[in-house]
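Engineer: The lines below spell out each chain.
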Amino acid sequence: MAKIKFENALKGLEEIVDQLEKGDLSLDEALSKYENGIKLYKQCVTLLDDAEKKIQVLIKDENGAFRTKEYETDTAQNNE
Amino acid sequence: MDAADTLPLFRNIAKSKNKILTISELTRRIRSSLEQEFFNLWVVGEISNLKKPSSGHIYLTLKDTGAQLQAVMFRPLASRIKFEVKDGMEVLAFGSVTVYEPRGQYQLIIESIEPKGIGALQLAFLQLKEKLGKEGLFDPAHKKPLPLLPRKIAIVTSLTGAAIKDILNVINRRFPRVEIVIYPVKVQGEGAALEIAQAIYDLNTLPDIDVMIVGRGGGSLEDLWAFNEEVVARSIYASKIPVISAVGHEIDVTISDLVADKRALTPTEAGELVVPRYDLLKDSLEKIKTRLAQALYNKILLIKNQLLRVKNSFAFKRPFDKVVMLRQKLDEFVQRLATMGKHAVELERERLAGFANRLDSVSPLKVLGRGYSITTRENDVRPIKSAETITVGTQVKTRFFRGGVVSSVIEILKS
Chain A
57 MAKIKFENAL KGLEEIVDQL EKGDLSLDEA LSKYENGIKL YKQCVTLLDD AEKKIQVLIK
117 DENGAFRTKE YETDTAQNNE
Chain B
30 MDAADTLPLF RNIAKSKNKI LTISELTRRI RSSLEQEFFN LWVVGEISNL KKPSSGHIYL
90 TLKDTGAQLQ AVMFRPLASR IKFEVKDGME VLAFGSVTVY EPRGQYQLII ESIEPKGIGA
150 LQLAFLQLKE KLGKEGLFDP AHKKPLPLLP RKIAIVTSLT GAAIKDILNV INRRFPRVEI
210 VIYPVKVQGE GAALEIAQAI YDLNTLPDID VMIVGRGGGS LEDLWAFNEE VVARSIYASK
270 IPVISAVGHE IDVTISDLVA DKRALTPTEA GELVVPRYDL LKDSLEKIKT RLAQALYNKI
330 LLIKNQLLRV KNSFAFKRPF DKVVMLRQKL DEFVQRLATM GKHAVELERE RLAGFANRLD
390 SVSPLKVLGR GYSITTREND VRPIKSAETI TVGTQVKTRF FRGGVVSSVI EILKS
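These protein sequence lines map, in sequence, to chains A and B. Each position in the first sequence, counted from 1, maps to that position plus 56 in the working numbering. Each position in the second sequence, counted from 1, maps to that position plus 29 in the working numbering.
Just so you know, these hints were derived from the structure itself, not from any lab. From a predicted model like this one, the values you see are computed outputs, not experimental measurements. Each hint should be verified, as a subset may be incorrect.
Stated by the list, open to error - Taking lysine to any residue pairs in the SDA-like style, the calculated list, with each CA pair at most 20 Å apart, reads: (1) A:Lys61 <-> B:Lys181; (2) A:Lys67 <-> A:Asn92; (3) B:Lys111 <-> B:Val260; (4) B:Lys269 <-> A:Asn92; (5) B:Lys80 <-> B:Phe103; (6) A:Lys67 <-> A:Leu87; (7) A:Lys116 <-> B:Asp237; (8) A:Lys116 <-> B:Glu224.
Construct the entire structure; sequences and hints are all you get.
Structural biologist: This is the structure in structure tokens:
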């Protein structure tokens, strides 16, 4: 998936709404703005809802390579 | 006058059977005498003649208005001084007096030194703050904005501290579905600063971290010290990933806080800064979508009114072109709306389609097609409705279904 930033999509969407609300666009322009706006809205929703919850601990081995393991709340508490 | 009469040292020597001492013997005796007398004591004075050769030892003179004292601090101890020792600084020094025999000089061996009137760590903080400030490390222009919606968050802290739990709790409450990677480090004690700096550097080599939190929970100034070390400050400054510094409580301001792109007052606040509230964001997104649909709806109403005005005006200069063009546009419009499948728009599409039919039925084209014609003055668009409004000789223009004529009036017929 192309890496589009949420804030960019949101900003684009807001700009389109502003332009549409000003009302001095031609009908063609208004329609294509609307279509773009819907596209950006869908991108925002995707970015907002598609993520997964995941907590990992990064471990660096002697050779400097990284691996990860699942973070366990219990482990952390026992160490205290 | 005999020297022996005035100098007690010589008298003592004289008493010991006139023994003649070598310089080394004498010096050694002076040394042991001084070392016993002036052992483990504090002195106060001003630093001058400060020398820091590459050996790592520090040589200096401590003085006040009446006297001066040579002093030295050896490398392992000297390297542990947190603040920068400078000429002219008033200090308290702890140590013992000894004699440097090759030169016959007495001097203070300093074991610890601290600035007068201010804690050593406090001074170190102020000095580093000034130095890094001059270099521009706190420059607001260098600070990177935090991403509004990070996909992957890194946290540099201890796995066993309170901070990690606070941060995770808040993130989970605000925006649960996000990826988090914890880079465990020592947050206090020997080597902590280096570990933290290395972690920040390492995370910058990973491809997908959007933002990182660096911090720990509350503690004494000593506990928090790693976050006041230059090496940490420089790695934060060099980070391409935005850094949120979250060290201790609100009252604890560290160098890390000043360099970071954003300072969180506490680890809890770091959790609040790093992710938005899901429900609020979702809500405002829906609001924008509503505005978008409303704006288009308003636009459609506007166009509809324009069409109505055209219909009512019988604009006659080029009535066919205009009407045909608008019809075409409307058809196109209706078609495009149909492909969008949004119900607010759907509804409007049907209303517009009905409207298009009505427009068709009143089109002048249809009327003319039935054999009627329309007459206007040559330079006017309004149809002539009464013969009384024209006179003989007036030039008039007549439109038929196809084409038209311009003619001159030769007779007026009363109805």
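Engineer: Do the alpha carbons of Lys61 (chain A) and Lys181 (chain B) lie within 20 Å of each other, as the hint requires?
Structural biologist: 13 Å, holds
Engineer: For Lys269 (chain B) and Asn92 (chain A), compute the direct alpha-carbon distance and say whether it is at most 20 Å.
Structural biologist: Outside the cut-off at roughly 32 Å; violated.
Engineer: Holds or violated: are the alpha carbons of Lys116 (chain A) and Asp237 (chain B) at most 20 Å from each other?
Structural biologist: 17 Å, holds
Engineer: Regarding the pair Lys80 (chain B) and Phe103 (chain B), is the alpha-carbon distance no greater than 20 Å?
Structural biologist: 12 Å, holds
Engineer: Can you confirm whether the C-alpha distance between Lys67 (chain A) and Leu87 (chain A) stays at or below 20 Å?
Structural biologist: It holds: about 19 Å lies between the C-alpha atoms, which stays within 20 Å.
Engineer: Taking 20 Å as the top limit, are the C-alpha atoms of Lys111 (chain B) and Val260 (chain B) close enough?
Structural biologist: Holds, at roughly 13 Å.
Engineer: For the pair supplied as a hint, Lys67 (chain A) and Asn92 (chain A), is the alpha-carbon distance within the 20 Å limit?
Structural biologist: Holds: Lys67 (chain A) and Asn92 (chain A) sit about 12 Å apart, inside 20 Å.
Engineer: Just to be careful, I want the Cα atoms of Lys116 (chain A) and Glu224 (chain B) compared with a cutoff of 20 Å; is the pair within it?
Structural biologist: 12 Å, holds
Violation of the numbered hints given earlier is confined to hint 4; every other hint is satisfied by the structure.
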